[in-house]
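Let chain A serve as the given structure and place chain B on it in line with the hints.
Those protein sequence lines, which keep their order, are chains A and B.
Numbered by the numbering used here, the letters in the first sequence go through residues 1 to 230 in order.
Numbered by the numbering used here, the letters in the second sequence go through residues 1 to 377 in order.
Treat the hints with care, since some could be wrong.
As the list claims (entries may be wrong) - Computed list of lysine to aspartate or glutamate pairs in DMTMM-like fashion (alpha-carbon distance at most 25 Å, straight line):
| no. | chain 1 | residue 1 | chain 2 | residue 2 |
| --- | --- | --- | --- | --- |
| 1 | B | 8 | B | 213 |
| 2 | B | 132 | B | 164 |
| 3 | A | 94 | A | 10 |
| 4 | B | 349 | B | 249 |
| 5 | B | 132 | B | 118 |
| 6 | B | 132 | A | 124 |
| 7 | B | 132 | A | 120 |
| 8 | B | 349 | B | 234 |
| 9 | B | 132 | B | 107 |
| 10 | B | 8 | A | 124 |
| 11 | B | 132 | A | 225 |
| 12 | B | 132 | B | 64 |
Claimed, not checked - Chain B regions said to be covered by chain A (calculated; three or more residues, Cβ under 8 Å):
| no. | segment |
| --- | --- |
| 13 | 69-80 |
| 14 | 96-106 |
These aren't lab readings, by the way, just hints derived from the structure by calculation.
Ideal Cβ placement from N, Cα and C applies to all residues, glycine included.
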Amino acid sequence: MFTLTPLEVEALRLSLWVSGWAVVASLPCGVFCAWLLARRQFPGKSLVDGVIHLPLVLPPVVVGYALLVLFGRRGVIGAWLYDVLGITLAFNWKGAALASAVISFPLMVRAIRLSLENVDQGIEAAAATLGAGPFRVFFTVTLPLAMPGVLAGIILAFARSLSEFGATITFVSNIPGETRTLPLALYALTQVPGGEAPAFRLCVISVLIALATLVISDALSRRIDRRLRG
Amino acid sequence: MLDILLKKKQGGFSLDVAFQSDGAKITALFGPSGSGKTSIINMVAGLVHPDQGRVSVDGRVLFDSRTGINLPPARRRIGYVFQEGRLFPHFSVRGNLTFGMALTPAEERFVRFDEVVEVLGIGALLDRRPAKLSGGEKQRVAIGRALLASPRLLLMDEPLASLDGARKAELLPFIALLPSRFHVPILYVSHSVDEVLRLADQLVLMEQGRSVDFGSVEDVMSRPAFSTQSGGRDVTTVVVAQILRHDQENGTSHLAFPGGVIRVPLLSAPIGRHLRVRIDAGDVMLALQRPTGLSVQNIFAARVAGLRSENGLVDVTLDLGCPLHSEISMQACADLGLTVGMPLFALVKSAAISRSDIALHDPSQLAIVPSPVEEEG
Numbered sequence: 001m002f003t004l005t006p007l008e009v010e011a012l013r014l015s016l017w018v019s020g021w022a023v024v025a026s027l028p029c030g031v032f033c034a035w036l037l038a039r040r041q042f043p044g045k046s047l048v049d050g051v052i053h054l055p056l057v058l059p060p061v062v063v064g065y066a067l068l069v070l071f072g073r074r075g076v077i078g079a080w081l082y083d084v085l086g087i088t089l090a091f092n093w094k095g096a097a098l099a100s101a102v103i104s105f106p107l108m109v110r111a112i113r114l115s116l117e118n119v120d121q122g123i124e125a126a127a128a129t130l131g132a133g134p135f136r137v138f139f140t141v142t143l144p145l146a147m148p149g150v151l152a153g154i155i156l157a158f159a160r161s162l163s164e165f166g167a168t169i170t171f172v173s174n175i176p177g178e179t180r181t182l183p184l185a186l187y188a189l190t191q192v193p194g195g196e197a198p199a200f201r202l203c204v205i206s207v208l209i210a211l212a213t214l215v216i217s218d219a220l221s222r223r224i225d226r227r228l229r230g
Numbered sequence: 001m002l003d004i005l006l007k008k009k010q011g012g013f014s015l016d017v018a019f020q021s022d023g024a025k026i027t028a029l030f031g032p033s034g035s036g037k038t039s040i041i042n043m044v045a046g047l048v049h050p051d052q053g054r055v056s057v058d059g060r061v062l063f064d065s066r067t068g069i070n071l072p073p074a075r076r077r078i079g080y081v082f083q084e085g086r087l088f089p090h091f092s093v094r095g096n097l098t099f100g101m102a103l104t105p106a107e108e109r110f111v112r113f114d115e116v117v118e119v120l121g122i123g124a125l126l127d128r129r130p131a132k133l134s135g136g137e138k139q140r141v142a143i144g145r146a147l148l149a150s151p152r153l154l155l156m157d158e159p160l161a162s163l164d165g166a167r168k169a170e171l172l173p174f175i176a177l178l179p180s181r182f183h184v185p186i187l188y189v190s191h192s193v194d195e196v197l198r199l200a201d202q203l204v205l206m207e208q209g210r211s212v213d214f215g216s217v218e219d220v221m222s223r224p225a226f227s228t229q230s231g232g233r234d235v236t237t238v239v240v241a242q243i244l245r246h247d248q249e250n251g252t253s254h255l256a257f258p259g260g261v262i263r264v265p266l267l268s269a270p271i272g273r274h275l276r277v278r279i280d281a282g283d284v285m286l287a288l289q290r291p292t293g294l295s296v297q298n299i300f301a302a303r304v305a306g307l308r309s310e311n312g313l314v315d316v317t318l319d320l321g322c323p324l325h326s327e328i329s330m331q332a333c334a335d336l337g338l339t340v341g342m343p344l345f346a347l348v349k350s351a352a353i354s355r356s357d358i359a360l361h362d363p364s365q366l367a368i369v370p371s372p373v374e375e376e377g
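Here chain A stands alone, though its shape is the one from the complex (with noise of 0.2 Å):
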């Protein structure tokens, strides 16, 4: 049978964790962001958009050369992180995570916006004749009929950030057991005579992994179908 060697071992305890970081961090920018571009209306409400969607259609190295800058030590956002919270994010796994979190983000935006959108403002309105707030109404009602979105917005998140490389090998470089994830640990396999091998383990475990959280998401999402269909 298949046993994982500690380089494997910690390539993807690694990956899992910097890519549940990202979607654990971005979600609820996530939710706020869609249900913006779902439900406001706003001047530049397109520019808002465009932005979101940017790393979808950027090059990754670009992003991650944008992070160098913004969030480097020195750079503009990175350089009052550190001074004032004392946080780094250049050069260790909070990096990857931030990275995979600004790539995977679109992604995640544009499933729970649809779900969004198709929630029947009927039955928000009714919330409110019942006395409900508008934040009460969001949390108890539009959420959770929301959450098909919402849950594929979080899977699709999740599996784009595991397979996140050049935003995350430009900003926070390829460092074995701190931003060395399955990708990058791949990667560097190559980059050596004689890497075939494990190599070609490496792309078995991405593939292994990819699958699970597809039929995971399938079933899951089933469920809460099931729950609101009754």
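Relative to chain A, chain B alone:
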């Protein structure tokens, strides 16, 4: 006391309504589709913002464009039963029912959960999801959900429109008893004459965004403006009557009304029940002398109270203790030499009054017993 004055422009459509309803249990907003009925109750609920106007319920101002008062829907305490139910699909029936109740401060709750469940007959449905309910059951739950928030006014937007005839007949008595049972007045949107006859005390007649007439159901329905609105029917008269006795042998029921006793095809309702009877003006014939040797059973001594000609026909308003409209040709009017104040006889054929012209309408609504829960459909 409901005081409503609303103005709003929506594209090419302008809405302009004003009416007060004092002491009415059920006030009907009646008019054809597109006359702005739903827009009005949406504004009363706070779901749509009027350009200007005023909405107050029992002296509590919910909206006033002059003073800038505009309570959000959540703080209006106005219940709303939508045409399509709009239940929360992710909650059980119980969850739906208690949603508004839980948000109502305990000291302001005057509608009890057990009582609503019992009256609406939904006790067996509490653990089901809305998706597993039939249309009639959904509307009952929707009514219960709105009631349990202890509203000061209940809005109902054609709650029976999506149901078939049998379900409608089943739900009507429930709605009729709500105001007295739960002390909540109702503003009821409808374009069905039958529902209005059955349920409403007062009537607001809507036409192209305007409230063109307002008053008691009997008064408004007996005025010509109503007949032009309700699909080009003849002028009708609506009278309040009470069942005196049933004549099984001759297949008629005798009803007392302010003009005397009128005989109609045999009814099944018990003696003493209050009814509304609608009499088409075209079914009322006139005679100068009391006729003999006629099949007509209902002959009333009357006096001409008014004459109004329209489209080659004359609408004769008779006074026989209550008003009664008769529609005759101009020629007939000339032949009879009708003038205001003239005494004559009005003839109404029993068979011309069909079952659909008679509606149970008990001012006290005490005689109604809830029927058992319908089977799952």
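* Asked: Between residue 349 of chain B and residue 234 of chain B, does the CA-CA distance stay at or below 25 Å?
  -> It holds: about 16 Å lies between the C-alpha atoms, which stays within 25 Å.
request  = Confirm or reject the coverage of the segment 96-106 of chain B by chain A under the rule of 3 or more residues with a beta carbon closer than 8 Å to the chain's beta carbons.
outcome  = holds (count 4)
Is the straight-line distance between the alpha-carbon of residue 132 of chain B and that of residue 225 of chain A 25 Å or less? Status holds; Cα separation ~15 Å.
Problem set entry | residue 132 of chain B paired with residue 64 of chain B [C-alpha distance capped at 25 Å] | Violated: residue 132 of chain B and residue 64 of chain B sit about 42 Å apart, past 25 Å.
For the pair supplied as a hint, residue 8 of chain B and residue 124 of chain A, is the alpha-carbon distance within the 25 Å limit?
holds, 23 Å
Practice item. Take a quick look at whether residue 8 of chain B and residue 213 of chain B sit within 25 Å of each other, Cα to Cα. Key: holds, 19 Å
Report task. Assess, step by step, whether the Cα of residue 132 of chain B is no farther than 25 Å from the Cα of residue 107 of chain B, and give holds or violated. Result -> Violated. Residue 132 of chain B to residue 107 of chain B sits at ~34 Å, over the 25 Å cutoff.
Q | Hint consistency between residue 132 of chain B and residue 120 of chain A [alpha-carbon to alpha-carbon, up to 25 Å] | A | Status holds; Cα separation ~19 Å.
| said: Check the hint pairing residue 132 of chain B with residue 164 of chain B against an upper bound of 25 Å on the C-alpha distance. | reply: holds, 18 Å
**Prompt:** Is residue 132 of chain B within 25 Å of residue 124 of chain A, Cα to Cα?
**Reply:** Measuring from Cα to Cα gives roughly 21 Å; hence the hint holds.
Sort out whether residue 249 of chain B lies within 25 Å of residue 349 of chain B, counting only the CA atoms.
-> Given pair residue 349 of chain B, residue 249 of chain B holds - Cα atoms ~18 Å apart, limit 25 Å.
Counting residues of the segment 69-80 of chain B that have a beta-carbon nearer than 8 Å to any beta-carbon of chain A, does the count reach 3? Per the Cβ count (9), the hint holds.
Hints 9, 12, counting from the list given before, are not met by this structure.
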